[in-house]
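Each chain, letter by letter, is given below.
Number of protein chains: 2
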Amino acid sequence: MQVIPPALERLIAELTRLPGIGKKTATRLALYVLRRPAAEALSLAESLAELHNSIQLCSRCFTFSEIDPCPICGDGRRNSRLVCVVEEPGDLMAIEKTAAFRGVYHILHGVLSPMEGIGPQELKIRELFARVSKGQVDEILLATSSTVPGEATASYLIDKLAGLDVKVTRLACGIPMGMDIKYADEYTLARAIDSRQLME
Amino acid sequence: MQVIPPALERLIAELTRLPGIGKKTATRLALYVLRRPAAEALSLAESLAELHNSIQLCSRCFTFSEIDPCPICGDGRRNSRLVCVVEEPGDLMAIEKTAAFRGVYHILHGVLSPMEGIGPQELKIRELFARVSKGQVDEILLATSSTVPGEATASYLIDKLAGLDVKVTRLACGIPMGMDIKYADEYTLARAIDSRQLME
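For the record, the sequence lines run as chains A and B.
Start counting the first sequence at 0; every next residue gets the next number (numbering that gives the first Met the number 0).
Start counting the second sequence at 0; every next residue gets the next number (numbering that gives the first Met the number 0).
Just so you know, the hints here were simulated from the structure itself, not pulled from any lab data.
Warning: the hint list may mix true and false statements.
Stated by the list, open to error - Taking CB as the label site, the calculated pair distances span:
hint, chain 1, residue 1, chain 2, residue 2, range
1, B, Ala12, A, Ser154, 55 to 63 Å
2, B, Thr97, A, Lys159, 55 to 63 Å
3, A, Ser154, B, Ala183, 48 to 56 Å
4, B, Ser53, A, Glu121, 49 to 57 Å
5, B, Thr146, A, Gln55, 46 to 54 Å
6, B, Ala183, A, Ala93, 40 to 48 Å
7, A, Asp137, B, Ala37, 35 to 43 Å
8, A, Ala37, B, Glu185, 26 to 34 Å
Since we're looking at a predicted model, the values are computed, not measured.
Built from N, CA and C at the ideal position, the CB exists for glycine as well.
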């Protein structure tokens, strides 16, 4: 017996393709949308349909943007000679929220992962070297995640950038702010000890 | 500075209106949709736009359905004189999954909640009484949740149905299957003791 109407079933199947959304959550969301006025479903549908039309990649840093260059690359007050390398546009947004960085970005669109067939050619690495070799960059701040593939990607870039005339830095690793030391995992703690800083 | 493109911002705002989806999850989902091919976003958009067009309420039980009467009400092999009263179409789906119920349903579309201004007029209660007083029903199985508003709604219905010629039953409450008694909460345990069953 077809208990779930096909149109609802289809929406549930579509929602299940999103990350972190299982069958139960998808059903709950779809039923919620159905209970609300049709205008709300249409409004969400429109914003989904519009998304890829209005957004492209910035030709300099490769973040998602409606204009090219993106607002950050186009902002003359930012230091375009300091380039922060991140994995995804979401990382850029997280760093921008801190308001602690006044340089520009370079989005790799992924991390090296030989197991999944993602080598340097699949990422925006050639484009990064192009920016460096044009002499446009003084410092590269590597801000890939402190995960195994993130660290591997950073190591690869450190290696390849060694021959070029550019300073390479990496985000500091250590105890998160506000964390009790006895709850920090041993790897983070070991890293924090290795990277201990001299108080002056 | 506008770091998040407006089209992305709009999708994030739309997603945040869904239940259980905060700003962080909405951002993660929207960025995921943006990274995937445009066809996938369009397909999700279409199924959202189609939803309200193709689904209506069954005129007998008020569940969501593409046809009227719904497949359950229209199924001659089911006992249409045994009516299970539930809060939402999602509850009907959960009960159907058990394959333990061969009657039909009546969806209230909510629970009584005086604080939120939801009285009997806001629910499909008048329609339930219409079914009963037409002499179409032998037994009403109350399957509202065992929450405070669910119990209150059941009590209200038990009261009102008392004068009519219909048997009223309620889902059994007790220890969930597979649960160790020492982990059951005291209310459930007390209820299970009160409702203890004679073994024959």
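Verification of the supplied hints:
1. B/Ala12 <-> A/Ser154: 55 to 63 Å: The hinted range 55 to 63 Å is violated for B/Ala12 and A/Ser154, with Cβ atoms some 39 Å apart.
2. B/Thr97 <-> A/Lys159: 55 to 63 Å: holds (59 Å)
3. A/Ser154 <-> B/Ala183: 48 to 56 Å: holds (53 Å)
4. B/Ser53 <-> A/Glu121: 49 to 57 Å: violated (40 Å)
5. B/Thr146 <-> A/Gln55: 46 to 54 Å: Distance hint for B/Thr146, A/Gln55 holds at roughly 48 Å.
6. B/Ala183 <-> A/Ala93: 40 to 48 Å: holds (43 Å)
7. A/Asp137 <-> B/Ala37: 35 to 43 Å: Roughly 37 Å apart at Cβ, these two residues keep to the hinted range, so it holds.
8. A/Ala37 <-> B/Glu185: 26 to 34 Å: violated (45 Å)
In this structure, the hints that do not hold are numbers 1, 4 and 8, in rising order.
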